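These are the residues of each chain, in order.
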Amino acid sequence: DVKVTQSSRYLVKRTGEKVFLECVQDMDHENMFWYRQDPGLGLRLIYFSYDVKMKEKGDIPEGYSVSREKKERFSLILESASTNQTSMYLCASSWGQGITDTQYFGPGTRLTVL
Amino acid sequence: GIQVEQSPPDLILQEGANSTLRCNFSDSVNNLQWFHQNPWGQLINLFYIPSGTKQNGRLSATTVATERYSLLYISSSQTTDSGVYFCAVPSSNTGKLIFGQGTTLQVKP
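For the protein sequence lines, the chains are F and R, in the order given.
Residue 1178 is where the first sequence starts when you use my numbering, and the numbers rise one by one after that.
Residue 100 is where the second sequence starts when you use my numbering, and the numbers rise one by one after that.
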């Protein structure tokens, strides 16, 4: 079974802090994704990566950056957390050349920025 | 860009009832995925269904690509079916997955 893990289920940070969210997949997937989920807005793509050291902006990249130094790990970075970044963050991965192949999701990190 | 609309937004069922969830999309697509998010936030892919019908236990899905909609059927619902159901299609110009707003299902015992 595909396993996607995220470093924390719940996280509380203060405004201005630097925040790292880690995602690891164990299936040698090419593609990895970061989404945020907010009530009434569904899932929105922040960034994705189709290879090591490669990244592409999604629909809402502002205020975020990412890092993919190893194939299995994709990190989301909030350089200076703000209250409007309080949200549920979901990581996903998929196999293959197409970024719209079946995606497998991690359990999510619920981030609160005070 | 492509628009994805799901209906109904909310649904409450008694255990054992059947239900149909709908996903409409505004442009032709070459694939469509259904996901279930359980009450703890975990998203599980249910179907990858660009066209036709697929079944998995009590769940089945049908996509009619020419008419730009997909249906998810849940038969003999159980409390564990509760959660949010999303459909997702690729954007025609970016190729990224676009998610609908979801249908929140509550199955009461």
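Hints in this document: simulated from the structure, not taken from any laboratory.
Please read these numbers as outputs of a predicted model, since none were measured by experiment.
Just so you know, even glycine gets a beta-carbon here, dropped at the ideal spot from N, CA and C.
Some clues are possibly wrong.
As the list claims (entries may be wrong) - Computed list of lysine to aspartate or glutamate pairs in DMTMM-like fashion (alpha-carbon distance at most 25 Å, straight line):
1. Lys-195(R) / Glu-1194(F)
2. Lys-207(R) / Asp-1205(F)
3. Lys-195(R) / Asp-1236(F)
Stated by the list, open to error - Distance ranges between label pairs, derived from CB positions:
4. Ser-1242(F) / Asn-123(R): 21 to 27 Å
5. Gln-113(R) / Lys-1195(F): 47 to 53 Å
6. Arg-121(R) / Gly-1193(F): 40 to 46 Å
7. Gly-1193(F) / Pro-149(R): 41 to 47 Å
8. Gly-100(R) / Arg-1186(F): 31 to 37 Å
9. Asn-123(R) / Met-1204(F): 28 to 34 Å
10. Ala-116(R) / Lys-1180(F): 31 to 37 Å
Going through the hints against the structure:
Distance check on the hinted pair: Lys-195(R) and Glu-1194(F) sit about 30 Å apart at the alpha-carbon level, beyond 25 Å; violated. Between Lys-207(R) and Asp-1205(F) the alpha-carbon distance is near 40 Å, which puts this suggested pair outside the 25 Å criterion. Restraint check for Lys-195(R) and Asp-1236(F): the C-alpha separation of about 9 Å stays at or below 25 Å, so the hint holds. At roughly 35 Å, the beta carbons of Ser-1242(F) and Asn-123(R) sit outside the given window of 21 to 27 Å.
Restraint check, Gln-113(R) to Lys-1195(F): a C-beta distance of roughly 49 Å satisfies the suggested window 47 to 53 Å. Separated by about 44 Å at the C-beta atoms, Arg-121(R) and Gly-1193(F) satisfy the suggested range of 40 to 46 Å. Separated by about 45 Å at the C-beta atoms, Gly-1193(F) and Pro-149(R) satisfy the suggested range of 41 to 47 Å. Checking the proposed 31 to 37 Å range against Gly-100(R) and Arg-1186(F) shows it holds: the Cβ atoms sit about 32 Å from each other.
At about 32 Å, the CB distance of Asn-123(R) to Met-1204(F) agrees with the hint of 28 to 34 Å. Distance hint for Ala-116(R) and Lys-1180(F): a CB-CB separation of about 33 Å, consistent with the stated range 31 to 37 Å.
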